[in-house]
Every structure is written in structure tokens, then in C-alpha cells.
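Just add 17 to wherever you are in the sequence shown, counting from 1, and you've got the working numbering.
Be a bit skeptical, because a hint or two may be false.
[Stated by the list, open to error] Subject to a maximum C-alpha distance of 16 Å in a straight line, what follows is the list of computed EDC-like cross-link-like pairs (lysine to aspartate or glutamate):
(1) 106 - 153
(2) 88 - 35
(3) 92 - 35
(4) 162 - 103
Calculated directly from the structure, the hints in this document are not laboratory data.
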Amino acid sequence: MAILDKRGLSGIVKLFLDMVFIGGILIILSLPFSLKWAFNTYIFHGENYTFALVLLYITGVMCLIILYEMKRIFKALNQRNPFIMENVKSLKVISIMCYAISACYVVKTIFYISFLTVIIAMVFIIAGLFCTILSEVFRQAVIVKEENDLTIWKT
18 MAILDKRGLS
28 GIVKLFLDMV
38 FIGGILIILS
48 LPFSLKWAFN
58 TYIFHGENYT
68 FALVLLYITG
78 VMCLIILYEM
88 KRIFKALNQR
98 NPFIMENVKS
108 LKVISIMCYA
118 ISACYVVKTI
128 FYISFLTVII
138 AMVFIIAGLF
148 CTILSEVFRQ
158 AVIVKEENDL
168 TIWKT
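Take the sequences, apply the hints, and build the full model.
What follows is the structure, encoded as C-alpha cells:
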């Protein structure tokens with residue numbers, strides 16, 4: 018099985034990302050109803066419904082942006098063209114979204130602290146750092162690729 022191909026592993030991951038993206042849109046659209054149900058069904062130690070709804074809308078939209086950028090990256094991977102500036106830009110957008118999501122959950126810990134919230138904030142900080150570094154690696158690879166493409170090889 019090929020790794021970088023529409024029928025390979027990257028194609029399967031792209032299809033999975035498409036499904037998760039659609040599911041994410043449906044979840045965001047259902048938030049007022051599903052969150053109200055969750056608040057009525059489970060005990061949320063004094064958390065405010067409106068605060069939780071706004072937090073989940075904001076971070077949910079940022080997660081959709083991350084998924085969209087990942088779909089763009091995997092589209093390029095499926096075309097066997099990973100080292101392009103568009104992927105560098107996508108990785109930078111993903112890192113910014115990760116930092117913003119982390120910041121949202123740090124703010125949440127000020128008002129409603131929970132162990133899971135701290136873990137979510139830390140995971141997104143690490144993901145943001147990883148994407149920042151990976152975007153720089155991809156940027157340097159693009160430069161090397163462009164220089165290589167301009168080189169005339171004698172045979």
C-alpha cells in the first residue's frame with residue numbers, strides 16, 4: 018500500500034478528515050440543544066451554560082479551521098507535492114489556532130478549573146509548538162526544493 022496517494026494511507030486519512038469536518042459542523046450546529054441536554058442530565062459543578070456554550074463555539078470553530086487546513090495539507094500530500102508554501106501557511110494557521118484554543122481553556126480554568134481543562138490546554142500548547150517547528154522545517158524544505166528545481170543537471 019502506498020503512503021502518499023489518493024488510494025494510499027494519506028488518501029484514507031484525507032477521507033477521515035472530510036468525515037470529521039462534516040461531523041464537527043453538525044456538532045457545532047447542535048451545540049445549544051446538546052449542551053442544554055448535557056447540563057440537564059449531568060452535574061456540572063456550577064458551570065455556567067452560556068459561558069460553556071460560547072467557549073465551545075469559539076474553540077469548535079477553531080478546531081474546524083484546523084481540520085480544514087489539515088485537509089489542504091493532505092490534498093497536497095495526495096498529489097505527491099508536500100513541500101509547497103501553502104502547506105507552510107497551513108501549518109502556521111494550525112499552530113495559531115492551537116495556541117488560541119489553549120488560551121481559551123486557560124481562561125476557562127480561571128473561572129471553572131478542572132483537571133481535564135488543564136490537560137486540554139497543555140495538549141494544544143504542545144500541538145501548537147509542534148506545528149510551529151514543523152512549518153519552519155517545511156519552509157526550509159520548500160527553499161531547498163525550489164533551489165533544486167532551478168539546478169540544471171547534466172547527463
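Subject >> Violations among the numbered hints, reported as their numbers in ascending order >> reply: none
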